[in-house]
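Participant: Read off the chains here:
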Amino acid sequence: MNTHDTRPGSTGGADTPGPLHGGPDEDYTPEQLAAMSLDELDRLGARYDGVEIMHVEPGPEPGSPLEKRAVRQIGTVFTLAGLCAFASVVIYAGSGWFLPTWQWSVSESGWSAIFTPLVGALFGAAMILVGVGLVLYTKKLLPHETAVQDKHDASAFDRATAGATLVRTAHNSGLARRKLITRSLAFMGGGLGLMLIMPLGGLIKNPNTGDPLGTTPWKQGVRLTRLDGSPIRPGDQEPGSLETVFPAVPGGNRAANAATMLIRLRPEQVAANRPRPGQGNLGYGDYVAYSKICTHAGCPVSLYEQETSRILCPCHQSQFDVTQGAKPVFGPASRPLPQLPITVDASGYFVARSDYLEAVGPTYWNRRRI
Amino acid sequence: MARTATAPGAPTTKLGTTAAELDDRLVISGWLRRTMNKVYPDHWSFLLGEIALYSFIVLLLSGTYLTLFFDASMREVAYAGSYAPLRGVEMSAAYDSALRLSFDVRGGLFMRQLHHWAALLFVSSIVVHLLRIFFTGAFRRPRETNWTIGVVMLVLALLMGVTGYSLPDDLLSGTGLRIISAILLSIPVVGTWVHFAIFNGPYVGESIIGRFYIAHVLLIPAILLALIALHLIILVKQKHTQFPGPGRTEHNVVGNRLFPTFAAKATGLVFLVFGVSAALGGLVQINPIWLWGPYNPAQVSSASQPDWYIGFLDGSTRLFPAWDMNLPGNYTIPALFWPTVVIAGAMFTVLALYPVIERKLTGDTASHHLLQRPRDVPVRTALGAMALTFYTVLWISGGNDVIALKFDISLNAMTWVGRIGMIVLPPIAYVIAYRICLGLQQHDREVLEHGIETGVIRRLPNGEFIEVHQPLGPVDEHGHGELAYGGAPVPKKMNQIGGARRAIRGFFSPTENPAQVELEQRAEDRGLAAAEGDRELTSSGRPSEGGRPSDGGRPQEPRD
Ligand code: HEM
Ligand code: FES
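Line order of the protein sequences matches chains W and D.
So the first sequence is numbered by the working numbering: it starts at 1 and just counts up by one.
So the second sequence is numbered by the working numbering: it starts at 1 and just counts up by one.
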């Protein structure tokens with residue numbers, strides 16, 4: 001230990017440096033070190049770090065055919081990498097300058113179609129070749145050494161001394177005795193913790209206010225329209241057909257839960273139709289309208305198989321039978337697709353009689369309560 | 001520290017003086033030497049974690065590029081870019097900017113595809129890395145912490161994938177988003193509250209893309225970066241595990257020093273990972289969002305598949321029966337809750353806790369630095385096989401509509417196959433894996449006791465034919481080997497113990513003189529005859545006691 005002068009007001013007095021940082025400089029004078037070869041120094045340092053070089057297989061002899069071959073190979077690989085890289089840059093920068101333009105048109109053919117593959121392939125090839133070159137270099141030209149390094153368990157000395165410093169401070173702080181301080185600290189910690197996450201409260205919104213999950217833009221008198229906004233009359237569709245309809249309100253064709261399937265049943269389907277109890281008269285003639293939003297996870301159900309009267313959801317293959325009130329007959333969905341009550345207005349177009357009688361879309365905790 | 005030009009050992013070259021100047025200021029050479037001297041074991045399976053790390057770097061680079069052009073907004077715009085089929089179509093600004101990235105930014109499509117491919121590579125390498133750690137027992141004390149960090153990083157990687165996939169706001173990602181929304185809603189009691197907190201209202205609202213964006217480019221990457229740093233610091237502190245082998249013990253690491261061998265190979269691997277992602281990004285189309293079209297809640301593309309790592313969740317969702325639980329008070333636990341939140345949660349919880357579970361079951365609380373061969377721990381290997389089978393059934397069921405279509409099987413049949421398979425197949429896999437492990441173990445013992453089959457048939461004086469066996473070590477008076485099994489691979493072919501000469505190098509024509517090689521090999525005491533003579537099978541293998549660590553090509557001898 002060097003002895004710094006610690007008198008008050010002193011700038012330090014005689015400032016003698018301590019021993020040098022790190023290595024065992026007392027054991028090796030600079031002269032000794034200077035006299036050692038590179039290999040010796042390398043091994044000396046390694047040994048100091050607990051590493052023993054067990055076995056060295058030297059690289060190929062300088063000038064040997066083996067070496068020449070390897071050098072030629074690796075040189076070629078690096079050169080090719082450079083070529084690919086330059087070529088990639090030329091294609092990237094030259095397209096639309098001295099090469100045809102890179103931008104896609106609808107045709108997706110010609111230069112614009114191969115621009116991305118070419119740039120990518122050359123870019124990738126350049127990188128891959130650099131990697132291959134580096135690996136070849138280590139494999140073929142560098143000496144292969146096998147080294148062993150010791151693994152040490154924790155030092156009892158370190159543990160005891162570090163532990164003492166911590167425990168001693170804990171004792172000195174007297175926190176164990178000074179109950180008032182520990183209690184006030186706990187109180188303070190709780191308060192500060194809460195205060196710090198408090199702003200996250202801004203994220204919270206009450207999902208039950210106004211029942212947003214249970215309402216859609218449909219209401220009494222809203223027309224059923226196609227995606228392009230045109231209204232629909234009975235007779236526009238063939239029996240057995242299905243059309244996706246939206247409420248005729250602004251943004252209705254993009255509202256998340258409003259999409260509805262207007263289905264015209266075939267005569268034999270009408271005969272076989274067994275609506276859900278209490279919902280017998282929601283359709284209009286041979287027309288019925290069901291929510292398109294799957295009651296399982298909310299995908300739009302889309303495939304209508306006329307022969308079996310089944311509607312299939314493409315997400316997890318739930319199947320709903322339109323002649324049984326769109327009841328799920330297979331797959332993970334557990335609830336029927338809600339039915340939209342429809343009728344025809346004075347001008348003869350389909351309109352809703354009200355909103356859906358229940359929440360459409362996926363099930364949630366308090367769905368049946370609102 | 002004062003230096004004079006004449007001091008012994010003082011650097012004379014320009015580079016040398018610069019280095020000395022640097023060290024004067026930073027006192028860094030000791031640390032640098034220790035780092036360069038650190039020994040890393042050499043085994044291909046140790047590269048898996050590195051691949052994950054390097055693909056993360058590729059993701060950071062390519063993702064940052066994408067942020068320069070991507071607009072994470074759900075504002076409605078009319079597309080006016082150069083992709084004619086969609087011109088004039090109403091879409092979100094996010095989808096519009098992703099289209100512009102693909103068609104109007106030079107090299108943008110390449111970067112998008114590179115980013116997506118690197119993401120697939122990232123998750124895949126994490127998973128394979130995890131399997132390596134699991135089946136070799138590398139998670140045992142003292143490495144439980146790193147195992148847990150790894151599992152957390154896997155979950156975060158999946159979240160990165162899900163949020164990233166949702167950003168372009170095309171029809172496919174919108175379908176995924178809708179399912180995410182339904183999963184959130186399915187959580188009992190708080191589901192709707194959680195949904196409203198995340199989506200800022202009912203599905204779909206105007207906020208979700210912006211929120212996913214900040215999670216995708218800042219929040220999760222920052223956490224991932226911190227965890228990666230922690231993972232690596234712990235790894236360096238604890239040093240690598242290694243497979244048992246000659247000279248390898250619980251108290252050493254045998255391999256290459258960081259510098260130059262390991263560093264050169266690792267740098268090579270960085271380039272390879274980058275190169276493979278780039279080549280895929282250029283050559284193999286992925287997620288062509290312009291074909292899906294903008295998101296519309298009323299539309300869906302059939303046979304839509306998520307990225308592979310979400311497939312298992314899709315599968316479990318398809319297989320789980322429609323069991324809504326209606327509770328008193330008109331409350332419901334939706335069926336969707338079980339196959340998504342509960343199954344996925346349970347899977348990752350069990351995974352994260354596995355080291356603790358195994359420690360409790362086996363009572364093994366010792367520190368381990370030597371890896372195990374999967375066959376030597378049949379119960380764990382069989383459990384792993386069981387879990388993998390379960391996962392695979394779910395994963396395949398995630399594409400059961402595609403399979404049903406391709407092979408013309410009814411969808412309902414596929415679903416039932418999956419439902420039954422997910423219960424019946426895992427135990428079968430357990431039994432089979434367990435049996436295979438025992439069989440392999442037995443074969444190892446047999447070879448140790450009786451030697452390697454040489455393929456040489458000899459006729460005894462009494463007319464009996466026997467196959468000559470080559471013992472691996474000293475034998476007792478009955479001709480039985482005296483080697484104990486040490487957890488290392490047992491050679492099973494004559495070539496593995498040097499029965500054949502090394503091949504002459506050269507591809508089209510030899511670049512070495514065969515006679516010279518022959519001489520060299522004799523001098524090096526290689527080959528069968530030499531191998532029989534001096535074996536260090538009785539030492540502990542510790543270098544200090546003269547054991548000789550393995551170096552790949554040499555005959556592999558069991559330890560101890
Ligand atoms: C850690 C792992 C990461 C994963 C697994 C991942 C995954 C993904 C995926 C699957 C996509 C969809 C790509 C597509 O359009 O086909 C995506 C998009 C995107 N990612 Fe990442 N990503 C990661 C990291 C990052 C980082 C660090 C950033 C930025 C700093 C970033 C920025 C973006 C951006 C801006 C997009 C949207 C661009 C677009 O889709 O056109 N990503 N990400
Ligand atoms: S969303 Fe329709 S079956 Fe899952």
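Calculated directly from the structure, the hints in this document are not laboratory data.
Take the hints with a grain of salt, since some may be wrong.
[Unchecked claim] Derived lysine-lysine pairs resembling DSBU-like cross-links, with alpha carbons at most 30 Å apart: (1) W:Lys139 to D:Lys360; (2) W:Lys68 to W:Lys151; (3) D:Lys239 to W:Lys68; (4) W:Lys139 to D:Lys406; (5) W:Lys205 to W:Lys219; (6) W:Lys219 to W:Lys327; (7) D:Lys406 to W:Lys140; (8) W:Lys139 to D:Lys237.
[What the hints assert, rightly or not] Just some of the chain D residues that point at chain W, by a computed CB distance under 8 Å: (9) Ser45; (10) Ser82; (11) Asp324; (12) Asn495; (13) Gln496; (14) Ala503; (15) Ser509.
[Stated by the list, open to error] Beyond 10 Å from chain D on every Cβ pair, some chain W residues (computed): (16) Leu80; (17) Leu83; (18) Phe98; (19) Ala156; (20) Ala162; (21) Gly163; (22) Leu175; (23) Asp228; (24) Gln269; (25) Val270; (26) Gly278.
Remember, it's a predicted structure, so these values are computed and weren't measured experimentally.
No residue lacks a Cβ here, since even glycine has one placed at the ideal position from N, Cα and C.
Participant: Each hint needs a verdict: does it hold in this structure or not?
Facilitator: Structure-based check of each hint:
1. W:Lys139 to D:Lys360: Between Lys139 (chain W) and Lys360 (chain D) the Cα gap is close to 44 Å, so the pair fails against 30 Å, i.e. violated.
2. W:Lys68 to W:Lys151: Violated, at roughly 40 Å.
3. D:Lys239 to W:Lys68: Not satisfied, since the Cα-Cα distance of roughly 38 Å exceeds 30 Å.
4. W:Lys139 to D:Lys406: 46 Å, violated
5. W:Lys205 to W:Lys219: With a Cα-Cα distance of about 25 Å, the restraint between Lys205 (chain W) and Lys219 (chain W) holds, given a limit of 30 Å.
6. W:Lys219 to W:Lys327: 23 Å, holds
7. D:Lys406 to W:Lys140: 48 Å, violated
8. W:Lys139 to D:Lys237: 28 Å, holds
9. Ser45: 17 Å, violated
10. Ser82: 6 Å, holds
11. Asp324: 4 Å, holds
12. Asn495: 20 Å, violated
13. Gln496: Gln496 (chain D) check fails; min Cβ-Cβ to chain W is 19 Å, beyond 8 Å.
14. Ala503: This hint is violated: Ala503 (chain D) lies away from chain W, its Cβ roughly 13 Å from the closest one there, beyond 8 Å.
15. Ser509: Status violated, d = 10 Å.
16. Leu80: 12 Å, holds
17. Leu83: Label holds. Min Cβ-Cβ 14 Å, cutoff 10 Å.
18. Phe98: Holds, since 15 Å exceeds 10 Å.
19. Ala156: 16 Å, holds
20. Ala162: Nearest chain D Cβ is 15 Å from Ala162 (chain W), so the label holds.
21. Gly163: 19 Å, holds
22. Leu175: 28 Å, holds
23. Asp228: The assertion about Asp228 (chain W) holds, with a minimum of 12 Å to chain D.
24. Gln269: For Gln269 (chain W), whose nearest Cβ neighbour in chain D is about 21 Å away, the distance exceeds 10 Å, so it holds.
25. Val270: 26 Å, holds
26. Gly278: 17 Å, holds
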